[in-house]
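Asks: Letter by letter, the chains look like this.
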Amino acid sequence: MRKGVMRPGHIQIRVLDVEEALKHYRDLLGLIEVERDSQGRAYLKGWTEVDKFSVVLREADAPGLDFVGYKVLDNQTLEKLHGELVEYGCNVEEIPAGELNGCGRRIRFDSPTGHMFEIFAEKEQTGKWGLSPVNPEAWPRGLTGMKATRFDHCLLYGPNIAGTLDLFQKVLGFELAEQVLDPEGTRIAQFLTVGMKAHDVAFIECPDPGKLHHVSFFLDTWEDVLRAADLISMEDVSLDIGPTRHGLTHGKTIYFFDPSGNRSEVFCGGDYHYPDHEPVTWKAEDLGKAIFYHDRVLNDRFLTVLT
Amino acid sequence: MPDRETHLIRVVNRDQSFKCAEDQVLLVAMERMSTDAISVGCRGGGCGVCKIRILQGDYECKRMSKAHISEEEMQQGFVLACRVFPRTDLDIESDHYQAPESSYQIEAARMVAG
Ligand code: FES
Ligand SMILES: [Fe+2]
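One line per chain: the protein sequences are Y and W, in this order. The numbering used here applies: residue 1 is where the first sequence begins, and numbers increase by one. The numbering used here applies: residue 1 is where the second sequence begins, and numbers increase by one.
Since the hints were derived computationally from the structure, they do not count as laboratory data. Worth double-checking, as some hints may not be accurate.
Label pairs and their computed distance ranges (CB to CB) [to be verified]:
hint: 1; chain 1: W; residue 1: Asp23; chain 2: Y; residue 2: Lys170; range: 47 to 55 Å
hint: 2; chain 1: Y; residue 1: Lys170; chain 2: W; residue 2: Asp36; range: 41 to 49 Å
hint: 3; chain 1: Y; residue 1: Thr244; chain 2: W; residue 2: Asp36; range: 20 to 28 Å
hint: 4; chain 1: W; residue 1: Asp23; chain 2: Y; residue 2: Arg141; range: 55 to 63 Å
hint: 5; chain 1: W; residue 1: Thr88; chain 2: Y; residue 2: Pro183; range: 37 to 45 Å
hint: 6; chain 1: W; residue 1: Arg87; chain 2: Y; residue 2: Pro183; range: 50 to 58 Å
hint: 7; chain 1: W; residue 1: Ser70; chain 2: Y; residue 2: Glu19; range: 23 to 31 Å
hint: 8; chain 1: W; residue 1: Glu72; chain 2: Y; residue 2: Arg296; range: 42 to 50 Å
hint: 9; chain 1: Y; residue 1: Arg36; chain 2: W; residue 2: Arg87; range: 13 to 21 Å
hint: 10; chain 1: W; residue 1: Glu71; chain 2: Y; residue 2: Gly127; range: 40 to 48 Å
hint: 11; chain 1: W; residue 1: Asp91; chain 2: Y; residue 2: Gly127; range: 54 to 62 Å
hint: 12; chain 1: W; residue 1: Lys19; chain 2: Y; residue 2: Pro136; range: 32 to 40 Å
Just a few of them, taken from the derived set where beta-carbon distance is under 8 Å, the chain Y residues facing chain W [claimed, not checked]:
hint: 13; residue: Gln12
hint: 14; residue: Asp61
hint: 15; residue: Pro63
hint: 16; residue: Leu155
hint: 17; residue: Phe257
hint: 18; residue: Asp258
hint: 19; residue: Gly261
hint: 20; residue: Arg263
hint: 21; residue: Arg301
Stretch by stretch, here's where chain Y covers chain W in the computed footprint (C-beta under 8 Å, at least three residues) [as the list claims (entries may be wrong)]:
hint: 22; region: 44 to 51
hint: 23; region: 64 to 72
Note that beta-carbon positions come from the ideal geometry of N, C-alpha and C, so glycine has one too.
Sequences are here, hints too, so could you generate the full structure?
Replies: Spelled out as structure tokens, the structure:
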């Protein structure tokens with residue numbers, strides 16, 4: 001049952017060098033650089049996103065994920081979910097408005113897989129970048145690189161994904177859209193959604209808690225994914241795999257790494273989900289095809305390279 | 001660019017070697033030579049997969065993830081090969097990365113490999 005969580009709102013990523021990271025997220029992915037805060041964090045967004053920012057880069061001595069935030073309908077929903085998170089047994093922390101520039105009060109909580117999440121109701125809305133809200137043109141001029149349209153989802157690795165699924169379903173109202181089951185029926189991967197997208201967040205079982213597999217950005221077409229691949233070669237960027245198609249969600253995709261080793265994805269297409277849909281299941285025996293639909297073979301790097 | 005200073009990198013545990021220019025990191029030079037003497041991950045100092053130990057020679061390092069190379073390890077010559085520029089010929093030992101054990105995904109990978 002939906003509980004008033006609307007969509008992924010922001011993700012804070014640790015990088016070893018913010019200036020280098022900006023070359024990746026701004027110049028290569030084509031995100032819009034919004035501003036820097038007093039802590040030196042860089043704020044960015046995809047050009048179609050109406051809120052002020054969706055990606056925050058923080059310089060640190062180990063890369064990886066700080067937290068992912070989801071936007072909820074309103075303050076009443078925020079309060080209600082705050083109470084439910086406490087009741088559920090999460091460690092919950094209130095982050096005051098303005099700790100992230102332009103963002104309202106956030107409720108931060110931990111999860112069985114060792115990741116930190118947040119919900120918030122208010123963020124300054126600056127509108128789609130470079131477009132008027134009245135009679136908007138098809139796209140703005142002046143975009144760079146891959147012209148990523150939005151922060152779409154992330155894939156996280158950690159232990160006890162069943163626990164995190166329970167939390168996300170019961171308290172936050174996410175739905176299980178797709179899953180990978182092993183022969184004993186144990187779920188080793190889960191793709192969760194709060195809307196019509198095939199995934200707003202995904203998890204794969206792994207003994208190391210709190211790990212980041214990739215942060216994903218949406219492109220409109222397969223042609224755009226191929227153009228992204230061209231840019232990766234032109235700029236001599238560290239490639240992981242692709243362009244190819246996933247079996248899971250059926251998105252068309254390419255994976256590559258930021259200069260600190262965090263994996264990025266740009267993708268297009270993919271399945272849709274309604275609340276009455278049964279979860280789509282892939283068998284663990286066919287994990288190769290589930291992840292890389294064309295090669296049908298898993299590469300080790302996809303499973304073990306994490307930040 | 002034939003006049004760039006290059007150094008010989010000997011991977012002693014693998015009995016392999018490759019050449020690396022001063023402005024190149026070890027891992028990229030190794031990949032360009034199509035050898036597999038060091039495991040390749042993110043190439044960005046983040047994942048730890050390319051962890052090696054430098055036994056002999058001088059080098060410079062870019063920032064590396066503290067999650068994989070502690071201060072103490074750095075003193076002992078442990079580095080991430082994707083962040084190291086050689087300044088002399090080097091003797092190195094590869095395969096110092098330990099993947100998390102008994103994970104579902106490794107089991108799954110085995111199933112796929114048959
Ligand atoms: S390849 Fe990831 S740290 Fe070097
Ligand atoms: Fe993805």
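Asks: Does each hint hold? Answer for all of them.
Replies: Verification of the hints:
no. : hint                              : result
1   : W:Asp23 with Y:Lys170: 47 to 55 Å : holds (54 Å)
2   : Y:Lys170 with W:Asp36: 41 to 49 Å : holds (46 Å)
3   : Y:Thr244 with W:Asp36: 20 to 28 Å : holds (22 Å)
4   : W:Asp23 with Y:Arg141: 55 to 63 Å : violated (37 Å)
5   : W:Thr88 with Y:Pro183: 37 to 45 Å : violated (53 Å)
6   : W:Arg87 with Y:Pro183: 50 to 58 Å : holds (53 Å)
7   : W:Ser70 with Y:Glu19: 23 to 31 Å  : holds (25 Å)
8   : W:Glu72 with Y:Arg296: 42 to 50 Å : holds (43 Å)
9   : Y:Arg36 with W:Arg87: 13 to 21 Å  : violated (35 Å)
10  : W:Glu71 with Y:Gly127: 40 to 48 Å : holds (47 Å)
11  : W:Asp91 with Y:Gly127: 54 to 62 Å : holds (58 Å)
12  : W:Lys19 with Y:Pro136: 32 to 40 Å : violated (54 Å)
13  : Gln12                             : violated (16 Å)
14  : Asp61                             : holds (4 Å)
15  : Pro63                             : holds (4 Å)
16  : Leu155                            : violated (12 Å)
17  : Phe257                            : holds (4 Å)
18  : Asp258                            : holds (6 Å)
19  : Gly261                            : holds (2 Å)
20  : Arg263                            : holds (7 Å)
21  : Arg301                            : holds (6 Å)
22  : 44 to 51                          : holds (count 5)
23  : 64 to 72                          : holds (count 5)
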